[in-house]
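Enquirer: The primary structure of each chain is shown beneath.
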Amino acid sequence: MSRIQAVFDRLKAQQRKALIPFITAGDPDPQLTVPLLHALVGAGADVLELGVPFSDPMADGPTIQRASERALKNGVTLRSVLAMVAEFRQQDATTPVVLMGYGNPIEAMGWEAFAQRAAEAGVDGVLTVDFPPEESHAAFAHLEAHGLDPIFLLAPTTVDARIAEVAKLARGYVYYVSLKGVTGAGHLDLSAIEQKLPQLRKHIALPIGVGFGIRDAETARRVADLADAVVIGSRIVQEIEQSPRERVVDNVKQFVAGVRAALDKK
Amino acid sequence: MYNYPDNGGHFGPYGGIYMAETLMPAVDELRRQYEHFRDDPEFKAEFAYELKHYVGRPSPIYHAKRLSEQFGGAQIYLKREDLNHTGAHKINNAIGQALLARRMGKKRVIAETGAGMHGVATATVAARFGMECVVYMGAEDVQRQAPNVFRMKLLGATVVPVESGSRTLKDACNEAIRDWVTNVETTFYIFGTAAGPHPYPMLVRDFQCVIGNEAKVQMPEMIGRQPDAVIACVGGGSNAIGIFHPYIDVEGVRLIGVEAGGHGIGSGQHAAPLTGNAKVGVLHGNKVYLMQDENGQIVETHSISAGLDYPGVGPEHCLLKDLHRAEYVAINDDEAIAAFDALCRFEGIIPALESSHALAHALKIAPTMGKDKALLVNLSGRGDKDMNTVARIKGITL
Ligand SMILES: Cc1ncc(COP(=O)(O)O)c(C=O)c1O
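Read top to bottom, the protein sequences are chains A and B.
When you line the first sequence up against the working numbering, it's residues 85 to 350, in that order.
When you line the second sequence up against the working numbering, it's residues 652 to 1049, in that order.
For the record, the hints were derived by calculation from the structure and aren't laboratory data.
It cannot be assumed that every hint is accurate.
A short, non-exhaustive set of chain A residues, derived as facing chain B with CB atoms under 8 angstroms [said to hold, decoys possible]:
id	residue
1	ASP140
2	MET142
3	PRO216
4	LEU237
5	THR242
Ideal Cβ placement from N, Cα and C applies to all residues, glycine included.
Just need the whole structure built from these sequences, with the hints factored in.
Expert: Next up, the structure:
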């Protein structure tokens, strides 16, 4: 069984919801990424989304754009991100890691070589923002061949036929983007999420995570009432950006622990 | 028979739809609407009317006799897109897309722009049809093309300088896509070149094909036959595909696309993905030859001309290169400036720096050809916007 499925099975048995934080690899600097990943797990994260920086992050708002720029300035590449995951795996054999980013760095490495190296490093899932199902069949066959889960985004604008198409290809979990906009935007609409989820569940048996625009523990808790997992990105990246280097790990840990506590509150 | 793209927008291995999920329904809707309206007699008639009465088409073909004599060899003919309303070919496409936007009930249009010509064209049609208009422009280009920024503002558009990345065309594109994701229900993205996610490469090509369709009639009228070669500059590739496409099935007509060689292909500082043998990659919704480093990060490009300063190129040009149906070459900054000067002095026409690249290549090969040969250069735009850039290069303060 995959690490991702094992996590969701366990949480389901415990009647708990998954907490999925996102950070950009190499932000604020490459030495802090592995300590941050362990801190996130320590604070109660269930799955880790690790951003692979890209020069042209079209789907991201200013916060994650800046994180991407800092990481690239630090010389981070897809190869070095894989090395970070491998280092993380030396001390954590169970927490799933999902790489999230844009397709071109993978295209440049080649999907087959990437899938092999990612699997060796201990990656569990891959989410490429700009590769919809239409263009993904050949590329994602390589992921599956190496036991990696392709993770897909669904949006408020996604119609039934597309949801069904994604349902066929998706593995692990499905990530519902809770608003029309880029990451970090602030206009989350809980009732819209509540209305959309039944439409998604008609087609999708996998766990559904909701993200984009979740900025505090209370909102996270209310989203968790509706979904199987809560994804928090920009708010954590903002914590990293605004903390002095020596406080980064502790501040992130404290914030995520607060969200965890809210999610587990009965 | 040459017949591209396929239903998914693929030109052989290139093109496609590489977009965030939020926008997939929007591009799909655009494709369906376009496929419906492109054969609609009313739509076609309205487009033709606007091109004739608002843009001023057909644009003439001009025999640059003095220039041809000066350089010796082949005769040079200019397809005068610079004479269009707003001064470039960009208006052909902007009108077409605005007509679609109206039929789709969109009251807000956005655009990216490099040289500012597409921004001006979009601001113009937005004023013409009473739509709100926001144009994204790299902060560096806002400086380089200041006159066009002022024109857009006069026309009622909001110009947003983009400070991220290399602060040029590709970053303006990123920001326009971010706007579109956020406002997809109300907003039509008037994309400026024959690239991006399907259906844009096809749709922009179709609207720009008026250039080549006219030329195919005009050349025989002028010289009794088609030209030996058709030459056009290639940024994203819209003016080039517009004049090339109607000629693809015409035997004996060479098609030559001219990319921006910047400081020279060898210097690495250029914007010539086809000539520079860039690797294939994915950016801005399509798979194309793309300037990138070995880690798949997009590199900063360089060209004296803002409209050619882009790391990718439209998918149909990628295919035409592979098929050897079109040839792609590069012209350096200084060669483009020399051609710019020559056209000013010998013909009394001030060309855009983009178009000067195409002209420069014609001036390069004309002397190697007989006087009975004919080269048709797409003069994609006029150079008024480039006064500041050219003055700075010549060490003059305006
Ligand atoms: C006059 C002119 N020619 C050419 C171009 C390049 O665009 P394309 O390759 O799409 O024709 C531009 C772009 O701004 C332009 O303004």
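Enquirer: The structure should be examined with respect to each hint, and the outcome stated for every one.
Expert: Hint check:
| no. | hint | in the structure |
| --- | --- | --- |
| 1 | ASP140 | holds, 5 angstroms |
| 2 | MET142 | holds, 5 angstroms |
| 3 | PRO216 | holds, 5 angstroms |
| 4 | LEU237 | holds, 4 angstroms |
| 5 | THR242 | holds, 6 angstroms |
Checked against the numbered hints listed earlier, the structure breaks none of them; every hint is satisfied.
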